[in-house]
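Protein sequence lines, in the order shown, are assigned to chains A and B. All residue numbers for the first sequence refer to the working numbering, where the first residue is 1 and numbers rise by one. All residue numbers for the second sequence refer to the working numbering, where the first residue is 1001 and numbers rise by one.
No wet-lab data here; the hints were simulated from the structure. Ideal placement from N, C-alpha and C gives every residue a C-beta, glycine not left out. Wrong hints could be hidden among the right ones.
[As the list claims (entries may be wrong)] Restricting the straight-line Cα-Cα distance to at most 16 angstroms, the calculated cross-link-like pairs of lysine to aspartate or glutamate (EDC-like) are: (1) A:128 / B:1125; (2) B:1144 / A:48; (3) B:1135 / B:1109; (4) B:1131 / A:48; (5) B:1135 / A:125; (6) B:1128 / A:48; (7) A:131 / B:1109.
[What the hints assert, rightly or not] So the derived list for chain B, only partly shown, Cβ under 7 angstroms to chain A, looks like this: (8) 1053; (9) 1070; (10) 1071; (11) 1095; (12) 1102.
Spelled out from the first residue to the last, the chains are:
Number of protein chains: 2
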Amino acid sequence: MEPYILYYWPTIQGRGEFVRLALEEAAVPYEDVARGRQGMPQIQAALDADKEIFVPFAPPVLRAGDQLIGQTTNILQFLGARHGLAPRAQDGRLWCNQLQLTIADIVAEAHDSHHPVSMNLYYEDQKKEAKARAKDFRNERIPKFLGYFERVLENNPRPGGFAVGARLTYVDLSLFQLIAGLRYAFPKTMARLEPQWPRLIALHDTVAARPNIAAYLKSKRRIPFNEDGIFRRYPELDG
Amino acid sequence: MEPYILYYWPTIQGRGEFVRLALEEAAVPYEDVARGRQGMPQIQAALDADKEIFVPFAPPVLRAGDQLIGQTTNILQFLGARHGLAPRAQDGRLWCNQLQLTIADIVAEAHDSHHPVSMNLYYEDQKKEAKARAKDFRNERIPKFLGYFERVLENNPRPGGFAVGARLTYVDLSLFQLIAGLRYAFPKTMARLEPQWPRLIALHDTVAARPNIAAYLKSKRRIPFNEDGIFRRYPELDG
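Model the full assembly from the supplied sequences, consistent with the hints where possible.
Shown next as structure tokens:
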């Protein structure tokens, strides 16, 4: 098999990180193309490919041989099925996808907490609106989403503490990333609230301790969180 | 086969409409449960089902026999495969899902154009912020997304004017709904911009003229657009 090629912005974790975690856990070779010397022109070329039938709207995009696959949850569905990071039965696959879509929803809201008016304006130009939106995100949305995922873990009858069945899936990797990101962006809020979600926190720790993930997190391939990504630490938004 | 049961809010098209259009085109029996007499309590019961493994986060939710399936794009993936509204090959399936996810992205942004701060506040309490966000949505986001979908139609080498391959898929139904919704919410903007996207408009008309869809649109099952849904007509947001 040719190595996968991942097209994603070179300086942020962003949505690409959900894909990177799956590739790292599965220990499959991939090239993170934008981080190479010709990276940005290559990303632009992939997005501008006029003759491409499967033209992507935005990164992340994964090239797998002849296939060009866009949209984070779609890429994870593909990788999950191919590398044992999703159940084999259709109902389990749908359930993984459903949970991943719900993670994507809170990730989009985390982004909008600092960019409620426009992603084409700087944070500084929408700071006042961001304060109002972040307050709602902290007080209403984080508890609603994380309370939901805690309930999913609680309702899973299989042992292991995973979201789906008795084995790790890409959903667990993404829940790890969600907790890590929220802790980075909202440290005070999370310190206050997270004792309510012991299963989620335990799952975060389980994922972080997996050998491939632990090695990845220590490597230079893991880009640190920063204020250009989805999860940004602006103390004024942390209440 | 037992009829499907659709759980969705009784008074709006919302995200449930993308599912309704697929069910109507496929002409499969379904019960739109919230529109019945015991509707709202039944929705609440489905969302509160503590012991349910596959507990949904929010409507729409589809019950298919023993399966409870949440998240719009996930439901469409399931129905598409089952009722001939998606290609059989895996690459075509992924491509449908990728396009549907991109439609979901602009639908979420259409919602946020009138609710940029919080879905827990009334529109009237975020009107100023909505004006700023709607301006960005009209000037940047609608052209970016619809220009992208126009290019997808242009790049499809198969005849018929559909998004994927040479046959109708659930993506075409959703593109119809997207155009209809944007026309309702932003009539001036769309009248000005839509000549740029002749293939998309032709696809909208093709879908509207399909016998099952045409019958549905004329029926009482089609809830009219209104100011409680995703696509809302607030003239001050239309520029």
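In rising order, the numbers of the hints this structure does not comply with: The structure breaks hints 4, 6 and 7; every other hint is satisfied.
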